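Please dock the two separately framed chains into a single complex, following the hints provided.
Protein chains in written order, with the numbering used here: chain A, 1 to 214; chain B, 1001 to 1214.
Quick caveat, the hints were computed from the structure, so don't treat them as lab data. Bear in mind that the values here come from a model prediction, so they are computed numbers and not experimental data. Hints may be right or wrong, so weigh each one.
To be verified - In the DSS-like style, the derived pairs of lysine-lysine whose C-alpha atoms are separated by at most 25 Å in a straight line are:
1) B:Lys1019 to B:Lys1005
2) B:Lys1019 to A:Lys5
3) B:Lys1005 to A:Lys5
4) A:Lys5 to B:Lys1022
5) B:Lys1005 to B:Lys1022
6) A:Lys207 to A:Lys42
7) A:Lys207 to A:Lys5
8) B:Lys1064 to A:Lys73
9) B:Lys1005 to B:Lys1064
10) A:Lys42 to A:Lys73
Said to hold, decoys possible - Derived Cβ-Cβ restraints for the label pairs, each shown as a range:
11) B:Asn1174 to A:Ala81: 36 to 44 Å
12) A:Val16 to B:Ala1097: 44 to 52 Å
13) B:Asp1089 to A:Lys5: 51 to 59 Å
14) B:Gly1201 to A:Asp213: 22 to 30 Å
15) B:Ser1057 to A:Asn12: 19 to 27 Å
To be verified - Okay, the calculated bits of chain A under chain B, using three or more residues with CB under 8 Å as the criterion:
16) 22-29
17) 92-105
18) 151-157
A virtual CB, placed ideally from N, CA and C, is assigned to each residue, including glycine.
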Amino acid sequence: MAISKFNYNSFNVTPVASNALSFNSNADGFTTQGASSMVLIKTLTASTSGTLNFVDGASSVVLDDTYPVYVFKFINLHPDASDAQFGFQVSINTGSAYGVAITSSAIESYHGGVQYNAGNDLAQGTGLQFITNTVYHSRAEESMNGTLHLFNPSSTTFVKHFMSRASRMNNTNFIEHLHGGYVNSTSAVDAIQFKFAAGNIATGTIKLYGIKDS
Amino acid sequence: MALSKVDFNNINVTPAASKALKFNSAADGFETGDLSGSMVLISTQTASSSSTISFTSGIDSTYKEYIFKFINIHPSNDNVDFYVNASVDGGSNYNVAKTTTFFRASHDESASEAAIEYRASEDVANGTGVQIILQQMGNDNDQCGCGTLHLFNPSSTTFVKHFMSRVDGMAHNNQILSDFIAGYFNTTSAINAIQFSIEAGTIESGTIKMYGIT
Chain A
1 MAISKFNYNS
11 FNVTPVASNA
21 LSFNSNADGF
31 TTQGASSMVL
41 IKTLTASTSG
51 TLNFVDGASS
61 VVLDDTYPVY
71 VFKFINLHPD
81 ASDAQFGFQV
91 SINTGSAYGV
101 AITSSAIESY
111 HGGVQYNAGN
121 DLAQGTGLQF
131 ITNTVYHSRA
141 EESMNGTLHL
151 FNPSSTTFVK
161 HFMSRASRMN
171 NTNFIEHLHG
181 GYVNSTSAVD
191 AIQFKFAAGN
201 IATGTIKLYG
211 IKDS
Chain B
1001 MALSKVDFNN
1011 INVTPAASKA
1021 LKFNSAADGF
1031 ETGDLSGSMV
1041 LISTQTASSS
1051 STISFTSGID
1061 STYKEYIFKF
1071 INIHPSNDNV
1081 DFYVNASVDG
1091 GSNYNVAKTT
1101 TFFRASHDES
1111 ASEAAIEYRA
1121 SEDVANGTGV
1131 QIILQQMGND
1141 NDQCGCGTLH
1151 LFNPSSTTFV
1161 KHFMSRVDGM
1171 AHNNQILSDF
1181 IAGYFNTTSA
1191 INAIQFSIEA
1201 GTIESGTIKM
1211 YGIT
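Excised from the complex, chain B in its bound form (with noise of 0.2 Å):
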């Protein structure tokens, strides 16, 4: 007798790609969902010559803490700085005011230099710019610039939203950048959408995944 097994379609839910058969919340039927975790990919974007890479949707109060990755971000210009800005309007102004510091560990291929500095000159006071996260970063066809931002608790109309960031890329002169941001965006508005941007020309290459942490 030739055996039946039970096909995708074959159960009482609507198939949803790449989602998980649950129970529903009353447990009395089936639903569709992503599975539960303590880290949860809301969403990737992948550059291809993108003068900015936005996040104008998933950035609520589901999550307390957002954790944004940067993969193999490699820009069309040498030597051009990685920006981030924030948005209280969903993505229509990106110029929330932000306060932070900025220092930064470098050394290059031929060990002439090594140093661990503030710069001054990088950081922000409740300025509405962009705030540089990778500096310098180099376009020769094996340079790019990967690292974290983690954004907490966007959503809050209580306080000010704190974001640290460490992006590391291999620089237009051959030497490695440690980049460490950290500070605050400083409205009580709920912050509902993040862009990424290239100080000139495109950001050629590369991938942004957003997280979302339980």
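Pulled out of the complex, with its shape left as it was, chain A reads as follows (with noise of 0.2 Å):
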């Protein structure tokens, strides 16, 4: 007697690209499930760009209650023309515009110390937060790379709470940066924009993650 095979349209579910075969929450029907807490939403690469920009709903880029928590790395982000500070600013619009206050604080620790940063804070600022200080163009070797954490963004009862982690060569040293604080809007955020202040974004690579809430 032939065997007949199950093939990937058989089941009682819509295939979703690598993803595996999953029963749903109440067991009565199947779903389909990736693995592992932090799913990679999107990748930007630049190449000489003012702004790399993640907007909810566009490019498949997902910002709001999927995940209570959202990740980006940034690696080797190196500026074109000019010198400059690199940082972020967020939207409660889909990035209509970028520019919500923020509150906070920022240590930087160097070869030999470590010191609170008065200049790249923000009280209740709208301009760019930073993640870290100068970047220099003229050095091809030099980039920035870290980490920015974003706490459930789309809640309307509470600020939004970030905290950063980024590294950066500076000539013959080394520093962190270690920032912190809060969006200080109960709206939700749905857009956040990565810039330097001055100049693009030559080269390098901005990844987004969520992690997952079950």
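And the structure:
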């Protein structure tokens, strides 16, 4: 007797690329499931880019209540023509405007010491929240790297906490920046924009991950 | 001819909610289980006017690193501290000796205060009481704390157990406090439970998630 084998489309579920077949939360149907609690949502690669924007609902970006914690990773971001600080601003209107009030603190450690850096914090400021101090464009081997956590951006109850940890080579020194703060708004944050304070992002990659809720 | 698709109850395995369909270890049958990944959600606890939140299961030798994430922790009382302690007896007692460091950055909304400081009154020198991981939390409706705590190899019976946390909060006096704590639980017994608590009143709302890192 010939054996009939089930194919990918034989199951009562919509196939999702690279996901596994799973039972749903009621155990009364199928669903699909990705591995790990940390899910890559989007990768943006700079190519002399003025900004790199992650806008919920655009270009497959998810920045809503799907995940309670979002993580951005910065890999070898290098400015093109200016020596400039790197930072971010957020939006509560899907990117129509960036610049929601932030209050933040800023620590930097370097080879030989640690200090508060009043030039990197904000007090209800709507300008660029720095993640690092100046990255030098003329030194081809220098770049900034690090991580930014954004907690529960879709909350309409609480302010939105964030914390970043990033590093840069500063000529012959190494500097690490530890910044934390809150976006002082109870509106949902649904977009975030990264840029250098001047010039473009010549090269580099920013990855957005979601940390699963269940 | 009608197209018949395989439904959830047509598979030779007992359905389990939110679990994936996998081949068993002998590859001769089906089983249900979690998908592999480097960051695995173990459990989630949601506060509801809770005096404590305790994780008394799932902390064992399965993972070498555990990560707790604090999302929108909101106290009932104003100007209160958020605590952690550990247990070696499954949660019967939370009183493991610990030695820690504590430093913080602060910056208020009016920019009248901006500082980094070591907080000698908040560190612990082999004490068995609680360790503060976030100070001076505010209880306004939009105020909360968010952050992360890493616990390394809690099941070791050879080494003391290192941990490090970074928790940020919007304090009662409208400033960002970024608290950095690190230390070790000074025991060679396996730590098998962790408890979070509040100085006074309750943890009115908020979520704590525990992940294992493979």
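Quiz item: Does Lys207 (chain A) pair with Lys5 (chain A) here, judged by a C-alpha cut-off of 25 Å?
Solution: violated, 39 Å
Exercise. Take the C-beta atom of Asn1174 (chain B) and the C-beta atom of Ala81 (chain A), compute their distance, and say whether it sits inside 36 to 44 Å.
Key: holds, 39 Å
Practice problem: Mind checking the alpha carbons of Lys5 (chain A) and Lys1022 (chain B) for me, to see if they're no more than 25 Å apart? | Solution: holds, 17 Å
Exercise. Sort out whether Lys1022 (chain B) lies within 25 Å of Lys1005 (chain B), counting only the CA atoms.
Key: holds, 19 Å
Exercise. Could you check the hint for me, namely that Ser1057 (chain B) and Asn12 (chain A) are 19 to 27 Å apart, CB to CB?
Key: Because 34 Å falls outside the window, the suggested range is violated.
Exercise. For the pair we were handed, Lys1019 (chain B) and Lys1005 (chain B), check the Cα-Cα distance against 25 Å.
Key: holds, 20 Å
Quiz item: Counting residues of the stretch 22-29 of chain A with a beta carbon closer than 8 Å to any beta carbon of chain B, are there 3 or more?
Solution: With 8 residues close enough to chain B, the hint holds.
Exercise. Please work out if Lys1064 (chain B) and Lys73 (chain A) have their alpha carbons no farther apart than 25 Å.
Key: holds, 23 Å
Quiz item: If you check the beta carbons of Val16 (chain A) and Ala1097 (chain B), does the distance land in 44 to 52 Å?
Solution: holds, 49 Å
Self-check item: Whether the CB-CB distance between Gly1201 (chain B) and Asp213 (chain A) falls inside 22 to 30 Å
Solution: For Gly1201 (chain B) and Asp213 (chain A) the Cβ distance comes to about 27 Å; the hint holds.
Exercise. Decide if the proposed pair is consistent with the structure: Lys207 (chain A) and Lys42 (chain A), CA atoms, cutoff 25 Å inclusive.
Key: holds, 6 Å
Quiz prompt | Pair hint outcome, Lys42 (chain A) versus Lys73 (chain A) [Cα-Cα no greater than 25 Å] | solution = At roughly 11 Å apart (the allowed maximum being 25 Å), Lys73 (chain A) and Lys42 (chain A) satisfy the hint.
This entry does not satisfy hints 7, 9, 15, going by the numbered hints stated previously.
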